[in-house]
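Participant: Let the hints inform the model, and build the full structure from the sequences given.
4 protein chains.
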Amino acid sequence: MFASETKVRVRYAETDQMGVVYHSNFFLYYEVSRAESIRQLGFTYADVEKMGVIMPVVEVQSKFLRPALYDDLLTIKTVLKELPVHHKIEFHHEVYNEKKELLATGRIILYFMEAKTMKRTTTPGELLKKLQPYFS
Amino acid sequence: MFASETKVRVRYAETDQMGVVYHSNFFLYYEVSRAESIRQLGFTYADVEKMGVIMPVVEVQSKFLRPALYDDLLTIKTVLKELPVHHKIEFHHEVYNEKKELLATGRIILYFMEAKTMKRTTTPGELLKKLQPYFS
Amino acid sequence: MFASETKVRVRYAETDQMGVVYHSNFFLYYEVSRAESIRQLGFTYADVEKMGVIMPVVEVQSKFLRPALYDDLLTIKTVLKELPVHHKIEFHHEVYNEKKELLATGRIILYFMEAKTMKRTTTPGELLKKLQPYFS
Amino acid sequence: MFASETKVRVRYAETDQMGVVYHSNFFLYYEVSRAESIRQLGFTYADVEKMGVIMPVVEVQSKFLRPALYDDLLTIKTVLKELPVHHKIEFHHEVYNEKKELLATGRIILYFMEAKTMKRTTTPGELLKKLQPYFS
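Protein chains in written order, with our numbering: chain A, 767 to 902; chain B, 767 to 902; chain C, 767 to 902; chain D, 767 to 902.
These aren't lab readings, by the way, just hints derived from the structure by calculation. Hints are not guaranteed to be accurate.
Chain copies aren't distinguished; within one or between two, either way the pair holds.
[What the hints assert, rightly or not] List of simulated lysine-lysine pairs, DSS-like, C-alpha gap at most 30 Å:
| no. | residue 1 | residue 2 |
| --- | --- | --- |
| 1 | 866 | 882 |
| 2 | 895 | 866 |
| 3 | 843 | 882 |
| 4 | 896 | 843 |
| 5 | 854 | 843 |
Facilitator: Written out as structure tokens, the structure is:
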């Protein structure tokens, strides 16, 4: 299992007139957290794209349990339960506020695809190498 | 069953550097389509809020099958399969492009809540009355 | 002078916790209105990009006089005061609500650039031809 | 003069199909930087709102000189050139990338308004007290 944590501060623009974070913005927090989790491996998602691989999101799920508020300093937990050996990678996310209340959970599935051909490919070797130690 | 359709034109700001609509923006299209489906009933979501009821999104699911592109004129189908007699309402969405290709599907669950007390409530009577004919 | 009008319905996601449209979203409305004004000429901004020309925004100005509210059906006026004969094009925008109150004004300057070389270029000939009748 | 600096990492969702940050997102960076500059004074914008004062943006201006790219770690400089003694406050912003290239400049004017009455008011006393030392 590979797990990591990232902090995100809620921006004013992310709230709506209910006075809470608009639901779709949680997917931006999940993305930020995925990017930071890859960075913690000594790699970046920008590197993945430079290698000619893109990672479109193909499926998402999310539950919103408690509202996130303006200026909240959120903790986004990101977990990879399985080594992504095929064309698919699945991230699990949890969002907590400063009171350690669980605000939301998410599950995001992305594909590895060759940018040029738009065909499915497998996890870039370098990324896989960085991940393997967490799964043995 | 209550079904309705709405058109949404993809905005430049909604694309990302993959050259396609960023996944979380589909939730904005789903919201627009829900609002228009309620309007087609002779009611508006703004009216619901004026009656002191808010509808926070509590759970979402979405699959992204094909990319939506800048300037695409999308058709968003919105379906209510069950009359929302309790505090919960569940919408099903499908997104098609002009070639009638299915781009995405979504399922959104919202609660009816009293804005003042933040307690769950049931579907406002007026909205229920508009919906009933579709479920008998 | 070339002038055109577009309608935009305010989305829930575009509001913030002040209960009004967050200021930066007006720039999305301006963009939608520019795109529709070009479409009214029998051309699309997507066509411009297909011709290898991109139009980055290089300067903006906007005043926000009255709030735009959720579900407001806004009218965005777009005016081109001068024929864009060089690498620069300047749009003027005005936003009105259904009560015909002026909510915001904007001025947006974009450049024509060759996507390949990222060098400034001039207005694509076909677009210029469509515009000329309005300036003679 | 009061000056402060904030770092913002560009998110994927903030890019567009030109492969650069969509222009209106700079206003989100400016907002984040204003909020952080107030926090550096030992105060928060959330506190201002709790005191019944809101700060709507009434006028903006921005120049975009060079593109901001995905994953860039931007530095946003925020400067207050004058003590806001009336109902108006004016911020100046500059955005730099990691190569210290100036990407954008912005000027944002906000009003202080009483949330209840929606009438203009003056800078909350506590905020003014924190700012005064920088202007004497």
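Participant: Please work out whether the CA atoms of residue 895 and residue 866 approach to 30 Å or closer within one copy, between two copies, in both situations, or in neither?
Facilitator: neither (33 Å within a copy, 33 Å between copies)
Participant: For residue 843 and residue 882, with the copy left unspecified, which applies at a CA distance of at most 30 Å: within, between, both, or neither?
Facilitator: This pair counts as neither: shortest intra-copy Cα distance 32 Å, inter-copy 32 Å.
Participant: State whether the alpha carbon distance between residue 896 and residue 843 is at most 30 Å within one copy, between copies, both, or neither.
Facilitator: within (19 Å within a copy, 36 Å between copies)
Participant: Up to 30 Å between alpha-carbons, please classify residue 866 paired with residue 882: within, between, both or neither.
Facilitator: between (43 Å within a copy, 25 Å between copies)
Participant: Please work out whether the CA atoms of residue 854 and residue 843 approach to 30 Å or closer within one copy, between two copies, in both situations, or in neither?
Facilitator: So residue 854 and residue 843 pass the 30 Å test inside a copy (20 Å) and across (28 Å) alike.
In summary, the numbered hints that this structure violates are 2 and 3.
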